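J.: Below are the chains, spelled out letter by letter.
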Amino acid sequence: MLKRTSLIKRLFILCCGKGRHQLLRTSLFCIVLSLLAGIILLLLLGKNPWEAYRSILQGAGILAKPRYAGRKSQLTDFMSLLNYTTPMVFAALSVAVALKCGIFNICVSGIMVFSGFMATVLVGYSNLDPFVAKILVVLIGALSGALLGMLIGYLKHRFNMNEVVVAIMLNYIISYVVSFFIQTRFIDPITRQSVAVTQNARLTLFDYPVGNLKMEIALVFPLAIFAVFAIKFVLDRTRFGFELKAVGSNSKASNYAGIQVGRAVVFTMIISGALAGLAGVSYYLGSNASIQPRVLPSLGFDAIAVALLGNTSAIGSFFASLLVMIFDCGTTYMSSRMQVLREIAALITSILLLFSAIGIFFRNLADRFQQEAEEV
Amino acid sequence: MNTIIIEGLSFSLPLFIIAIGGIYSEGSGITNLALEGLLGFGAFFGGLSYAILSRTFGGDPTVLIYASLGFAMVGGALLALLHALMCIKFKANQVISGVVINMLSVALTAFLANQINASFFGQPSNKFLLEVFPKATIPLLSRIPILGAVFTDFYTFELIIVVVALFMAYVLYKTPTGMHIRACGDNPHALAAAGGNVQKVRFWSVIASGALSGLGGMCFAYSISTTFSPNIYMGFGYLAIAAYIFGSWKIGPTFLACILFGFARSGGYVLVQKLSLPSSYGDLVLTLPYIVTLVLLLFFSSTNKPPRALGEVYDQAKR
Amino acid sequence: AGAAETKPAAAGLNIAIITTPSGVDDGSFNQDNYNGILAFVKNHPTAKATAIREPSGDVAAALKAAADVVAEYDVLVCTGFQFAGIGELAMENPDTKFILVDTYPTDAKGNTVELPNVYAMTFAEQESGFFAGVAAALETKTNKVAVVNGVAYPSNVNYQYGFETGVIYANKKLGTNVQIVELPSRAGTDVTGANVGGNYAGSFADEATGKVIGQQLFAQGVDIIFVAAGATGNGVFTAAKESNGRLKVIGCDVDQWDDGTVGSGNIILTSVLKVMSLNVERVLNQIQEGTFKGANMLLKADTDSTGFVKKAGRNQLAPSTIQKLDEAYALVQKAVIVPASNFGGFTPEQFKVN
Amino acid sequence: MENLVEFRHITKRFPGIVANDDISLSVRKGEILAILGENGAGKSTLMSMLFGMYTPDEGEIFIRGKAEHITSPLVANELNIGMVHQHFMLVENQTITENIIMGIEPKKRKFGLFPIVDLQSSHEKVQQLSMHYHLEVNPRDTIEDVPVSTRQRVEILKMLYRNAEILIFDEPTAVLTPQEIESLLLIIKSLRDSGKTIILITHKLDEIKKIADRCAILCKGRLIDVLEVATTSVQHMSALMVGRDVSLTLDKVEHEKGAEVLKVENVSVVSQDHITLVDSVSFSVHEGEILAIAGVSGNGQVEIADAIAGLIPIKSGRILLQGNDITTASVRKRIEAGLSYIPEDRHAVGLILDFNLRENLCLKQYYRSPYSNERGILQHDAMNELGNTLIEAFDIRTSKGNDTLVRSMSGGNQQKAIIAREINLDSKLIMFVQPTRGLDVGAIEAIHTRINSLRSEGKAILLISLELDEVLQLADTILVMYNGKVQTIRKANELTKLQVGEYMMGVHVEKN
Ligand SMILES: Nc1ncnc2c1ncn2[C@@H]1O[C@H](COP(=O)(O)OP(=O)(O)OP(=O)(O)O)[C@@H](O)[C@H]1O
Ligand SMILES: Nc1ncnc2c1ncn2[C@@H]1O[C@H](COP(=O)(O)OP(=O)(O)OP(=O)(O)O)[C@@H](O)[C@H]1O
Ligand SMILES: [Mg+2]
Ligand SMILES: [Mg+2]
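Chains A, B, C and D, in that order, are what the protein sequence lines are. With the working numbering, you'll find the first sequence wraps up at 376, consecutive numbering, no jumps. With the working numbering, you'll find the second sequence wraps up at 695, consecutive numbering, no jumps. With the working numbering, you'll find the third sequence wraps up at 1049, consecutive numbering, no jumps. With the working numbering, you'll find the fourth sequence wraps up at 1561, consecutive numbering, no jumps.
In isolation and in its complexed conformation, chain A is listed as follows:
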């Protein structure tokens, strides 16, 4: 008995204990745990967990489905996964950057709606040359997001307003006001959403023929990858990143050291806002083409947890986004094949995020076990 426990403990230490890549190992451990929880859940419902997970991967284009519809293949599914992952990467980065500076940006959803709306209205219905239009969409998205981010940062810095409350209020205000304009000006009576933007303005080449396949090609996916590395570089290597992290860990000490705290907060929020804005345009003018009135995209909230799963690092956020979106994209196929409610996938994702939220506990526990092991 005693021996068994110590074996389990040793395994646990191996997963979450001190050493290289402790954060990464803990995250992986959390993922495995939640997959286990999912297995139990599926078994309770009398389903084959192996099949279920496989069909999720198939649905997301990681594995091959037994058959494909006309002009579809595993590659098209995978490209579609990348297309849907793009906004999540931006959103998770937005949350992560703000968190590094000690700011909790819960306004990502609102910013997404705002930037998506601005780009839709300003460029989405114009007849601009595709190249110009797409560039403009990206610029307007980043700019309008940055503007809102700046507002939040400024209110926090100048008026000491709690950014969480400001963000909650802004989310609702934006959602209702944008809904008002869509309902009165830009409504498509059939879809009951804003009129779809022109192909010229879309950041995703939709149904783009490649051979005999029709692909979704996310033009901004490379931009998302670039953003990941850019943010990593900024945080690790630049003066500004140093200041941002300093303010996030101890704003008093930062001020004492001569760092302009307010400036750092506002600039961080500008970056975070711009990223959220990019998430908005890549969502509303990329994977989608129109805006649902009165709906805040849940992606903006999921991004918080995703950023956390990625340990608020840039690279981590990317892989966490990919993982969560694999679940998201594969769910429909799984629910269809396995005849289970699709909430299962949402539940597994929630459980995953719960586990990753207590990653710090796992690490401490592992450290303690390690201590005990060393002392004995």
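Honestly, the hints are just simulated from the structure, not real lab data. In this text, all values refer to a predicted model and were calculated from it rather than measured experimentally. Quick reminder that beta carbons are idealized off the backbone N, C-alpha and C, glycines included. A hint or two may mislead.
Output of the computed footprint for chain D on chain B, the stretches with three or more beta carbons under 8 angstroms from beta carbons of chain D [unchecked claim]:
#	stretch
1	543-557
2	560-571
Using 27 angstroms as the maximum straight-line C-alpha spacing, the simulated BS3-like pairs for lysine-lysine come out as follows [said to hold, decoys possible]:
#	chain 1	residue 1	chain 2	residue 2
3	B	K576	B	K465
4	B	K550	D	K1174
5	B	K626	D	K1157
6	D	K1156	B	K626
7	D	K1115	D	K1078
8	D	K1157	D	K1269
9	D	K1259	D	K1078
10	B	K467	A	K9
11	B	K650	C	K1047
Knowing the structure of chain A, use the given hints to seat chains B, C and D with the ligands on it.
T.: Relative to the frame of chain A, chains B, C and D with the ligands by itself:
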């Protein structure tokens, strides 16, 4: 005017009781962004208990209606238990735990409501139908000009809320328990040194916040749609958070904030009706409480003091 | 490789129903369609039905959900306007049959198209609305009735116009003197920007506003409300439930009797119908028999596709009302009565009784 | 004499360290036992176990001859053990009474029904208690409004209210003025005389000499010796503690002071609540001069330093640094103009605990060449080099060198890191606020030597300290503040300790 007051109160009071839940949790030092999820899960649990009880016992629904409020509190408390475990036992980041619990609550209630309706009631639905909540009017008081509306045509749950709110205020400000809760939010180490059990106090405060949110959520379910459905997640939990932050984590000012939100809302509806604006302006009216909050916060946030130890993980060893 | 080759020779039809967030168990619109499928499966036990839900309600997401699974099935039943854009997918998968409810398919450019493998059905909501109007006019005691809608999209305006036509018809032909109450602040603006009046909540999911509108109408003396407003309608129901039986409502799309119970009573006067289940079952049968033909159909009373609930114990209409409604129903079937609709060329006020 | 408390073979481990190693120690009834030891020697840990905050890993604690499991402060209370913690354990937004009665609140019933905390009678009881022991407090004051010395009195009253027989004081004098220390020592003595047993943790040998009966010396978690104070010299005690001889006095070379470096003219500072904290203060500091500001804590000294450093705004007046007006300059401008600042609170202000040592050592220079290039990119090699140099030069002891998380370093080494960073700036003016607070004798000696040699190098030094001995030992010029005003500025050798103490209490008023 009457409608503004009657409707305003029936919205303000559930909001208020949820906000008190928030004050308990945050007053003890545990950030609670999960109110939205807690109120939804509470309403789910209350609705489920009503569905089960009314099918098993039938008869006079009045007793069941009141009983369901109690079950809603249990439900809210159950989910709050998870938040408490996450924050206190597992030392998770409290903000993140709150956000994740909101997500979980939405997924879980939708899943369970479907599954339970299908497997036990043989009904394909994600809703639980409820009964209309009894209303009352107090004979003499209701005749007072203007103020009389307060005593006119109110849901009896409003009375329950007032009683519970008074009780919670009494506990928080007059009893040793309340003193300990507030001490936990300010300096948990002081309480520990005085022999108190910080973990326990915080644990029960979070549970209380869940129970109160559940109560408020159930009242919303009754007053707005007389059903439990996933539509319950309308953002009122977040509004409650705004209310107590606005009220500086004190019950009295928070009450005023809730009244303000409720009246801004009901007043907005009446205003639109009076001004005969087209319905599309409804969206703009709905922004009123949020804009009011933002503007007022602009002026008051410098005096706004959160509990000193809010959001800090309590570690006995840390000094 | 064509999809058909890889498919096993199925013993029975493999059918999927794809719905928007509320799912096939919404007790309403989606469920009625699902019931049609279930009825078919019951008669053809080899057939298989799978329900798939798309949780966001966004049109792009709805189409993606359909595309994700299209290869797996012989028939896709897509319920809701969100699936209008299915045209492209249908063209690429000619061997899969599509049944589209409440909208016609559009191609990539958004133009409505007719496709050989798509049977799309929409309903003459104005006819259902008309029956509601007649019923309300005959049953009101205060002589004030109203209609509450979600957003002034064509289907909702059809319901509203139909209802108003019904009241006007009753006033002219059936000896009633009933007034239609409209809150000016709730006037709708339809998709062309025209003011269509009525009582619009501005959303299909705002129960709180629905309740406020119900109360405001009740305060103005209205005792019967026709509710065609999705989840927002639940709020109106609540207002009715709290009125101590003085306010009644008329449900829509499906029989909403079960949603109306309050204590031992019920607030549902009757419900007016879009008969989807029968039509879905009929088309599935055609597929099974090989007589399927793609079409974009507007279904009306002449095929019994619109109507009202007169089953005993599911409505509270007086027998005389039912009789008069039956008479009106016959006239509508014969197109003697053509109620006003959003794009029918005339408004309720311009409605002429022949 | 009877042994009231007995530690038998107590061992306590923390991750990576044995804080208490097989300690056996007894405390006699009615004595004052002092506990002496370097930082991190394990004094607080040992006492925390007696008070139930931690439980020992091995060994047992006997109280009144009986083995007790003290699992929480509640148990300690029941055993009549009380403790004044090194860091006060008070709820800031509650009243003095509420803090004192917390955990054992007297109750009464409102309307004969609802139990409520009986604040009224508690106020009276606290009032009586405070008069009885000459520990004046106003029971109705809120903690956040009262000064440190009052807070300490509250902590003592808290113990007395609980009828504690065994009183533990963990570094109680670190935050007090000489007069307050004097009176605290008297109080402790009178408590002993009234029959209480007292355990006193302190780094100050003269206090031990003054009141303690015996002295236990801890070193690196082990009990070295227990000495009779009356028969032991101060030198012997400190040598035992540090493990070597420590010189307790400095030889200071007299030399002429040079040019004026800092000039403060009529500076006033008001708080957010519009209370005047600093009232029209003027002084100047010269090259090679140590100007020490003495004063009871909370009399505006720290605010002056913060104002000079630019951390808080001033209401009126002028500040000149080497002739440049820096009154409105940004913090960074001031640093660049030649200002180093060792702040009072090293955790909250001086360091970023979650950064590693290298980053903290570069905290004030990271933005300029060679640590950043002109495009704003950090140069890790240069930063590493700086870190290594400073770690070497200032003997900062760490587990992982440059990469050590500062949070995991001991207080003394954290302080060394700050001092290293600030001295490395090579500023003309260096401000030290409470540089030796909470540090052990060895560490203090090192810092004092360092300050002295900076003076010899011709730096202008502004020293702000509550430790009067430190002020007298180091200062060339002494400025005493009271209530935000300058009481006096004099040559150090013109003032006696007693006089300074009187100025600090506002007794003397300078006649102009
Ligand atoms: N909670 C803790 N977790 C880990 N290690 C601790 C903890 N508390 C104390 N230690 C370790 O135990 C040792 C003894 O610490 P303690 O606080 O008892 O020292 P001390 O003698 O009171 O020092 P000081 O004079 O600085 O107050 C320290 O060196 C520290 O490393
Ligand atoms: N919670 C903790 N976890 C790990 N180590 C700790 C903890 N608390 C204290 N320590 C360690 O204890 C040692 C001494 O800490 P302590 O705070 O007593 O230092 P100090 O010199 O007394 O400083 P201070 O002026 O803050 O009292 C340090 O090594 C510190 O890192
Ligand atoms: Mg100590
Ligand atoms: Mg210490």
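J.: If a hint holds in the structure, say so; if it doesn't, say that too.
T.: Evaluated hints:
1. 543-557: holds (count 6)
2. 560-571: Contact hint for the stretch 560-571 of chain B vs chain D: holds, 9 residues under 8 angstroms.
3. B:K576 - B:K465: Holds, at roughly 11 angstroms.
4. B:K550 - D:K1174: With a Cα-Cα distance of about 19 angstroms, the restraint between K550 of chain B and K1174 of chain D holds, given a limit of 27 angstroms.
5. B:K626 - D:K1157: Status holds; Cα separation ~24 angstroms.
6. D:K1156 - B:K626: holds (23 angstroms)
7. D:K1115 - D:K1078: Roughly 14 angstroms between the alpha carbons, so the hint for K1115 of chain D and K1078 of chain D holds.
8. D:K1157 - D:K1269: violated (50 angstroms)
9. D:K1259 - D:K1078: Holds - the C-alpha atoms of K1078 of chain D and K1259 of chain D are around 19 angstroms apart, at most 27 angstroms.
10. B:K467 - A:K9: The hint holds at about 20 angstroms.
11. B:K650 - C:K1047: violated (34 angstroms)
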